[in-house]
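Peer 1: Below are the chains, spelled out letter by letter.
Protein chains: 2
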Amino acid sequence: MLSHIKIVLVETTHPGNIGAVARAMKNMKMNNLWLVAPKIFPSADATSRASGADDVLAAATVCGCLQEAVADCQLVIGASARCRAISWPEITPRTCAEICVINEPYQSVAIVFGRENSGLKNHELDLCHYLLRIPCNAEYSSLNIAAAVQVVCYEFFVAAGLQGTAMRIGDKGECPLATAAQMESFYTHLYEALTDIGFIHPEKSKSIMRRLRRIYNRIQLDTKELDILRGILRMSQDNQKSR
Amino acid sequence: MLSHIKIVLVETTHPGNIGAVARAMKNMKMNNLWLVAPKIFPSADATSRASGADDVLAAATVCGCLQEAVADCQLVIGASARCRAISWPEITPRTCAEICVINEPYQSVAIVFGRENSGLKNHELDLCHYLLRIPCNAEYSSLNIAAAVQVVCYEFFVAAGLQGTAMRIGDKGECPLATAAQMESFYTHLYEALTDIGFIHPEKSKSIMRRLRRIYNRIQLDTKELDILRGILRMSQDNQKSR
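Protein sequences, first through last, are from chains U and X.
For the first sequence, the numbering used here assigns the number 244 to the last residue and increments by one with no breaks.
For the second sequence, the numbering used here assigns the number 244 to the last residue and increments by one with no breaks.
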């Protein structure tokens, strides 16, 4: 689904970074890696840092210049943290993902990452439609290249909705949440048990019960959890009665 | 701005990863790093991979166990890729950032990252309110720890930029939320009280206590509410003793 997006690394110095990029890509279901004149490749360092993403490394295309890597691309986006005299149209990773994945008018896109120390040169930026800037600390803005790739690919993955499951807070999916009627019955039971142990005095029972309701309503108990709590109440009452 | 959020690394094996985490944090204006029993630290590898984020490394707090690291935290979130028998309430990094940065009801939050190979143990997860899961390739889901920290901190940074535009939810604003240490003391008390009434049997106490933790961690008690619950436990114990 994301194979129409190439990750292109230009003249990477440290082979370990190439491996870490392959891992970051595979984590996000991306596999289309291009290497422009890497300093050392292949390399044991790259394979070690790839940590199981060897297939992405093995399938990587090595070429001599950026023009070659982006030749078949309809959209070229250059990642860069540097401020430039001539300002480029800039996008964030999230907007980039919207453009490349959600709107999806492109059959082939390249995201280009420059050298570890010096980024992309101006003649390389000339090939780009947009500059991709990762929001970050203005006083310490240089991300490790694999970390930058991780953030960008993460946004692609999220945009693609590949996970399929929107995470729901508090939904444990184990057994059904308690109904209002079950909760009412729990509160009645709780009131009885608290009366039995002498915690509740009639004159201030209302405000205490209101507070307890606020606590347990907030908790969104499922039916199994409710059973546990009622088991505790029952046991406490049995003990009380056997006095 | 983000210093109320601790990044906690548990028993990290490779010091290079600790350095890479420091860099990822500083890139996103975060500086509050805690190391639980790191295998090797300080180390030249850590400093080298920190690549200028030495200040974050130097200010890191080293401690012996996770409980110590999260003692003063009102919200503890554990990062994990593993599937577990008892499912925990799960959130994505984006939701996590909304909870920790945009809604902002917390003075102190911990995001906990487990061991490189084996993640967090169950007794460590017991300390967590939520499980943080980074959306990723189901067939290759283990991100490098620094890459995972980068994604999470990036979401914090982006969310911080949006601060003030989103509505506050879940903020009760009445009195401070209970800290992890206060909750631990509550769980100890709860265990005693349940033992007193005969609800807990040693051979199955672990799974029951784990379920109860899951319930009460989800509830996010404030200190006043905690006082009420402990009052109930005390009263129940007094009754038991006077038998």
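Hints listed in this document are in silico derivations from the structure and should not be mistaken for laboratory results.
Watch out, some of these pointers could steer you wrong.
In this list, chains with the same sequence are indistinguishable; a pair is considered to hold if it fits within one copy or across any two.
Unchecked claim - Using 30 Å as the maximum straight-line C-alpha spacing, the simulated DSS-like pairs for lysine-lysine come out as follows: (1) 225 <-> 207; (2) 30 <-> 225; (3) 40 <-> 207; (4) 205 <-> 40; (5) 40 <-> 225; (6) 122 <-> 205; (7) 30 <-> 207; (8) 242 <-> 205; (9) 122 <-> 207; (10) 242 <-> 122; (11) 205 <-> 30; (12) 242 <-> 40; (13) 207 <-> 242; (14) 242 <-> 30.
Peer 1: Within a copy, between copies, both or neither: where do residue 242 and residue 205 come within 30 Å Cα-Cα?
Peer 2: So residue 242 and residue 205 pass the 30 Å test inside a copy (24 Å) and across (25 Å) alike.
Peer 1: With 30 Å as the alpha-carbon cut-off, assign the pair residue 40 and residue 225 to within, between, both or neither.
Peer 2: neither (40 Å within a copy, 40 Å between copies)
Peer 1: Evaluate residue 242 and residue 122 at a C-alpha cut-off of 30 Å and name the case that applies: within, between, both or neither.
Peer 2: Classified as neither: same-chain Cα gap 36 Å, cross-chain 41 Å, threshold 30 Å.
Peer 1: Checking residue 205 and residue 40: alpha-carbon separation at most 30 Å within a copy, between copies, both or neither?
Peer 2: Neither way: residue 205 and residue 40 sit 33 Å apart in one copy and 55 Å across, limit 30 Å.
Peer 1: For the identical chains here, do residue 225 and residue 207 meet the 30 Å Cα criterion within one copy, between copies, both, or neither?
Peer 2: both (27 Å within a copy, 17 Å between copies)
Peer 1: What label fits residue 205 with residue 30 when the C-alpha limit is 30 Å: within, between, both, or neither?
Peer 2: neither (45 Å within a copy, 42 Å between copies)
Peer 1: Within, between, both or neither: how does the pair residue 40, residue 207 come out at a Cα-Cα threshold of 30 Å?
Peer 2: Close inside one copy (29 Å), not across copies (54 Å); limit 30 Å.
Peer 1: My question is about residue 207 and residue 242: at a cut-off of 30 Å on alpha-carbon distance, are they close within one copy, between copies, both, or neither?
Peer 2: For residue 207 and residue 242, both the intra-copy (24 Å) and inter-copy (28 Å) Cα distances are at most 30 Å.
Peer 1: From the Cα coordinates, with 30 Å as the cut-off, is the pair residue 242 and residue 30 best called within, between, both, or neither?
Peer 2: For residue 242 and residue 30, neither the intra-copy (54 Å) nor the inter-copy (59 Å) Cα distance is at most 30 Å.
Peer 1: Checking an output row: residue 30 and residue 225, CA cutoff 30 Å. Within, between, both or neither?
Peer 2: Neither: 34 Å inside a chain and 43 Å across chains, both beyond 30 Å.
Peer 1: Under a CA distance limit of 30 Å, which applies to residue 242 and residue 40: within one copy, between copies, both, or neither?
Peer 2: Neither way: residue 242 and residue 40 sit 47 Å apart in one copy and 55 Å across, limit 30 Å.
Peer 1: Is the C-alpha distance from residue 30 to residue 207 at most 30 Å within one copy, between copies, in both cases, or in neither?
Peer 2: neither (40 Å within a copy, 38 Å between copies)
In this structure, the earlier hints numbered 2, 4, 5, 7, 10, 11, 12 and 14 are contradicted, and the remaining ones agree with it.
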